[in-house]
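Chains as they are written, first to last, in my numbering: chain A, 1 to 113; chain B, 1001 to 1113.
Rather than coming from a laboratory, the hints here were simulated on the basis of the structure. Just so it is clear, CB atoms sit at the ideal spot from N, CA and C, and this is done for glycine as well. Any given hint could turn out to be false.
Stated by the list, open to error - Which residues of chain B face chain A? A partial, calculated answer using Cβ under 7 Å:
(1) Gln1041
(2) Phe1045
(3) Tyr1048
(4) Glu1052
(5) Ala1053
(6) Glu1056
(7) Glu1068
(8) Pro1070
(9) Phe1074
(10) Gly1100
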Amino acid sequence: AQTVTQSQPEMSVQEAETVTLSCTYDTSESDYYLFWYKQPPSRQMILVIRQEAYKQQNATENRFSVNFQKAAKSFSLKISDSQLGDAAMYFCASQGGSEKLVFGKGTKLTVNP
Amino acid sequence: DTGVSQNPRHKITKRGQNVTFRCDPISEHNRLYWYRQTLGQGPEFLTYFQNEAQLEKSRLLSDRFSAERPKGSFSTLEIQRTEQGDSAMYLCASRTDSAGELFFGEGSRLTVL
């Protein structure tokens, strides 16, 4: 069984600063994917970034990057130059062995002007 | 708008009534997913279709839940004899066959009184 743990229910950051959201996971699959999704209030969930477990290089998408530590089963998200529009719930998720995504409980990110 | 469309967006019903939600995926997406999200939690997988075939079902999907995808286009999720514990946001998502991004709808919120 897969599990995903997000230990930070809430985080806050000042506009233009950098924030890191934590995620740990557990899986018995050798081939799996990890994701960060963003869910703004009353809006649909959108994919922020994706990492294939077999790739050693950390994924990057503009201001968003991950720190993937496979041995430690850690997958943190770094948001640089935070913007007001980054305020949302952020969910870490894993997928391996089936079509099912397993999500963590989420971290609510507040961006202060 | 060519995104994933869900209807109705909100449904309030009395315990014991039946409800049905509809999902229209992005037109070229042959894979369709249903998730359930309760307050303060991440989404939980319910079921998955590839075209019209329902290929994976969660144990969360009790006998009162049924999902269909006739002709491999839109999908319906029916909940019979609703219970208060069914109150949640029901999310639909779709993607293509290639290992691409999962696109979510805005969800259908169910409140069971």
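Hints and how they fare:
1. Annotation: interface hint on B/Gln1041 holds; nearest CB of chain A at approximately 6 Å, less than 7 Å.
2. For B/Phe1045, the shortest C-beta to C-beta distance to chain A is roughly 4 Å, which falls under 7 Å, so the interface hint holds.
3. Because the closest C-beta pair between B/Tyr1048 and chain A is about 5 Å apart, less than 7 Å, the hint holds.
4. A hinted interface residue such as B/Glu1052 counts as satisfied when its beta carbon comes closer than 7 Å to some beta carbon of chain A; here the least separation is about 16 Å, so the hint is violated.
5. Checking B/Ala1053 against chain A: minimum C-beta separation of about 12 Å lies over 7 Å; hint violated.
6. Residue-level restraint check for B/Glu1056 holds (minimum Cβ-Cβ distance to chain A is 6 Å; threshold 7 Å).
7. Annotation: interface hint on B/Glu1068 violated; nearest CB of chain A at approximately 17 Å, more than 7 Å.
8. At its closest, the beta carbon of B/Pro1070 sits 20 Å from a beta carbon of chain A; the interface hint therefore is violated under the 7 Å criterion.
9. Hint on B/Phe1074 is violated. Least Cβ distance to chain A is approximately 17 Å, over the 7 Å limit.
10. Interface hint status for B/Gly1100: violated, as the beta-carbon distance to the closest one in chain A is roughly 10 Å, over 7 Å.
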